[in-house]
Amino acid sequence: MQIANNVRELVGKTPLIRINSFSKEAKIIAKVEFLNPGHSIKDRIALNMINEAFKKGAINENSVIIEPTSGNTGVGLAMIAASYGLRAIFTMPSSMSLERQKLLLAYGAELVLTEPKLGMKGAVDKANELAKEIKNSFIPSQFNNPDNPKAHENTTAKEILEQSDGKIDIIIAGFGTGGTISGTARELKKHIKNLQVIAVEPQASPLLSQGYAAAHAIQGIGANFVPQNLDQSVIDEFFVVSNENAIATTQKLARQEGLLAGISSGANIFAASEFAKLSQNANKTILTFLNDTGERYISTGIFG
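Start counting at 1 in the sequence shown, then tack on 464, and there's your number in my numbering.
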């Protein structure tokens, strides 16, 4: 009998899918991360950060998990915390989608909203303040916890190698904490010669490529500071995507591919389609990520 013992055993092992509507010249494939049990790629890091914290003695069965999150990491952590019977508190800008906020509450977590103009830094500061007040609390610190990118080195990258037989030429990913692109690329580059790694930034907030941060509509990527977990040594190029192109591509994914994904997924696919147009990339295989489910963005109005 193949029966999972708990929800934690369902994290990962997501499929790759061919994206057909965006390129005839190159092959675009995507890892369908919204098929994780918490419906985003962040389930992977939530599981690894909590499991490693238990192993290291940083938490016990009475600990309180506190984390600043733009949404998906909070949902993943809330799910994992619930499965372990742990109390969880999350801080996030009030501008994040209503679905993300309600999901955290559905898992039994507590939510503290911060001023949108302060960005993720405001949420980080509030989480640190709460941790000082609450005994036996633990902040996983997704932006600087090495167990974040290690989750992708140990699972995401290895799954990609097995599923693709290592036949990947270009990998494209947006970054929020930097964990996905850093961990996945670091491991893949050990096995795939001449792999090209492209990091996607919001055009409205191109912090690393152009040196400034501002408000943007691509939830989940483009924090207004440089995360410690972002390993720039594995990145070959930065590519910016506008709010409009990310949203239009998200809509097209749903209507032409039947894939209801989030806005950062649209940014990834748009970037992949642009690289697919380049003559030097004809017949190459471009891999990217469908980070989370589009159901998390219905209230934003992007689907009409």
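Bear in mind the hints are in silico, worked out from the structure with no lab data behind them.
In this text, a Cβ means the ideal position worked out from N, Cα and C, and glycines have one as well.
Some hints here could point you the wrong way.
As the list claims (entries may be wrong) - Under the rule of at most 35 Å between Cα atoms (straight-line distance), these lysine-lysine pairs were calculated in the DSBU-like manner: (1) Lys488 - Lys566; (2) Lys741 - Lys488; (3) Lys477 - Lys488; (4) Lys657 - Lys716; (5) Lys653 - Lys491; (6) Lys596 - Lys614; (7) Lys477 - Lys741; (8) Lys477 - Lys653.
To be verified - Derived Cβ-Cβ restraints for the label pairs, each shown as a range: (9) Met465 - Ser559: 37 to 47 Å; (10) Val576 - Ser697: 51 to 61 Å; (11) Gln627 - Asn515: 19 to 29 Å; (12) Phe702 - Lys654: 20 to 30 Å; (13) Ser673 - Glu708: 25 to 35 Å; (14) Glu489 - Asn524: 23 to 33 Å; (15) Asn747 - Ile598: 19 to 29 Å; (16) Asn484 - Leu569: 20 to 30 Å; (17) Lys654 - Glu574: 35 to 45 Å; (18) Gln692 - Glu579: 19 to 29 Å; (19) Gln696 - Lys741: 47 to 57 Å.
Hints, verified against the model:
1. In summary, the hint linking Lys488 to Lys566 is not supported, as the alpha carbons are separated by about 40 Å, beyond the 35 Å threshold.
2. For the suggested pair Lys741 and Lys488, the alpha carbons sit about 9 Å apart, so the restraint of at most 35 Å is met.
3. Annotation: proposed proximity of Lys477 to Lys488 holds, straight-line Cα distance about 28 Å (limit 35 Å).
4. At most 35 Å may separate the alpha-carbon atoms for a hinted pair to count; Lys657 and Lys716 meet this at roughly 33 Å.
5. Under the criterion of a C-alpha separation no larger than 35 Å, the hint pairing Lys653 with Lys491 is consistent with the structure, at around 20 Å.
6. Between Lys596 and Lys614, the direct Cα distance comes to roughly 27 Å. Compliance with the 35 Å bound is thereby established for this hinted pair.
7. With a C-alpha separation of about 30 Å, the suggested pairing of Lys477 with Lys741 holds against the 35 Å cut-off.
8. Taken as a hint, the Lys477 and Lys653 pair is honoured in the structure, with Cα atoms around 20 Å apart against an allowance of 35 Å.
9. Between Met465 and Ser559, the C-beta spacing of about 46 Å keeps the proposed range 37 to 47 Å intact.
10. Between Val576 and Ser697 the C-beta distance comes to about 35 Å, which lies outside the given range of 51 to 61 Å.
11. For Gln627 and Asn515, the Cβ-Cβ distance of about 24 Å falls inside the hinted range of 19 to 29 Å, so the restraint holds.
12. At roughly 22 Å, the beta-carbon separation of Phe702 and Lys654 lies within the given 20 to 30 Å, and the hint holds.
13. A hinted range of 25 to 35 Å is violated for the C-beta pair Ser673 and Glu708, which are about 18 Å apart.
14. Range check, Glu489 to Asn524: Cβ separation about 54 Å, and the 23 to 33 Å hint is violated.
15. Between Asn747 and Ile598 the C-beta distance comes to about 55 Å, which lies outside the given range of 19 to 29 Å.
16. Our hint of 20 to 30 Å for Asn484 and Leu569 is violated, since their Cβ atoms are close to 38 Å apart.
17. Roughly 41 Å separates the CB atoms of Lys654 and Glu574, a value that falls within the hinted 35 to 45 Å.
18. For Gln692 and Glu579, the hinted distance range of 19 to 29 Å is satisfied, since their beta carbons lie about 23 Å from each other.
19. For the pair Gln696 and Lys741, the beta carbons lie near 26 Å from each other, so the given range of 47 to 57 Å is not met.
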